[in-house]
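Engineer: Sequence:
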Amino acid sequence: MVKITKNYFKTKKDPHLHSQAHVLADELSNKLNDKKHFGFYLKMATTHDHNFLRRIAGEVLESKSAKKPGALFAYLIKKHREENA
Numbered sequence: 101m102v103k104i105t106k107n108y109f110k111t112k113k114d115p116h117l118h119s120q121a122h123v124l125a126d127e128l129s130n131k132l133n134d135k136k137h138f139g140f141y142l143k144m145a146t147t148h149d150h151n152f153l154r155r156i157a158g159e160v161l162e163s164k165s166a167k168k169p170g171a172l173f174a175y176l177i178k179k180h181r182e183e184n185a
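Converting from the sequence shown to our numbering requires adding 100 to each position, the first position being numbered 1.
No lab work stands behind these hints, which were simulated from the structure alone. Treat the hints with care, as some may be off.
[To be verified] In silico EDC-like cross-links for lysine to aspartate or glutamate, where the CA-CA straight-line distance does not exceed 16 angstroms: (1) Lys-178 to Glu-159; (2) Lys-168 to Asp-134; (3) Lys-131 to Glu-159; (4) Lys-167 to Asp-134; (5) Lys-131 to Glu-162; (6) Lys-143 to Glu-127; (7) Lys-143 to Asp-126; (8) Lys-136 to Asp-126; (9) Lys-178 to Asp-149; (10) Lys-135 to Glu-162.
A quick note: this is a predicted structure, and the numbers were derived from the prediction, not measured.
Go ahead and model the full structure; you've got the sequences and the hints to work with.
Structural biologist: What follows is the structure, encoded as structure tokens:
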């Protein structure tokens, strides 16, 4: 029998996620199922507004026809950047 302590059910924080940008990059790479491009999402998290990135990710996740959600995410960011340039 395992003794349950107060801290037993607390989730452990990932020591590699030490800033808001890292947390957002991890969130995006997990949601878009594209963990191998974590560096790309980290770069986007440091250069773009976090709410904007979450909005774009939401649009990508709503699109059921996207075979590569990460590629669509990158395309939508590029498209937005070109429109505002």
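Engineer: If a hint holds in the structure, say so; if it does not, say that too.
Structural biologist: Here is what the structure says about each hint:
Taking the CA atoms of Lys-178 and Glu-159, the gap is near 14 angstroms; set against the 16 angstroms cutoff, the hint holds. Note on Lys-168 and Asp-134: the hinted pairing holds, with a Cα-Cα distance of about 9 angstroms set against a maximum of 16 angstroms. For the given pair, Lys-131 sits about 12 angstroms from Glu-159 by alpha-carbon distance, which is consistent with the 16 angstroms threshold. Distance hint between Lys-167 and Asp-134 is fulfilled; the C-alpha atoms sit about 12 angstroms from each other, no more than 16 angstroms.
For a cut-off of 16 angstroms, the pair hint linking Lys-131 to Glu-162 stands: about 12 angstroms separates their Cα positions. About 14 angstroms separates the Cα atoms of Lys-143 and Glu-127, which keeps this hinted pair within 16 angstroms; it holds. Pair hint Lys-143 plus Asp-126 holds up; C-alpha atoms about 12 angstroms apart against a cutoff of 16 angstroms. For the suggested pair Lys-136 and Asp-126, the alpha carbons sit about 11 angstroms apart, so the restraint of at most 16 angstroms is met.
Note on Lys-178 and Asp-149: the hinted pairing holds, with a Cα-Cα distance of about 14 angstroms set against a maximum of 16 angstroms. The straight-line distance between the Cα atoms of Lys-135 and Glu-162 is roughly 19 angstroms, outside the 16 angstroms bound, and the hint therefore fails.
The structure is inconsistent with hint 10 alone, although it conforms to all the rest.
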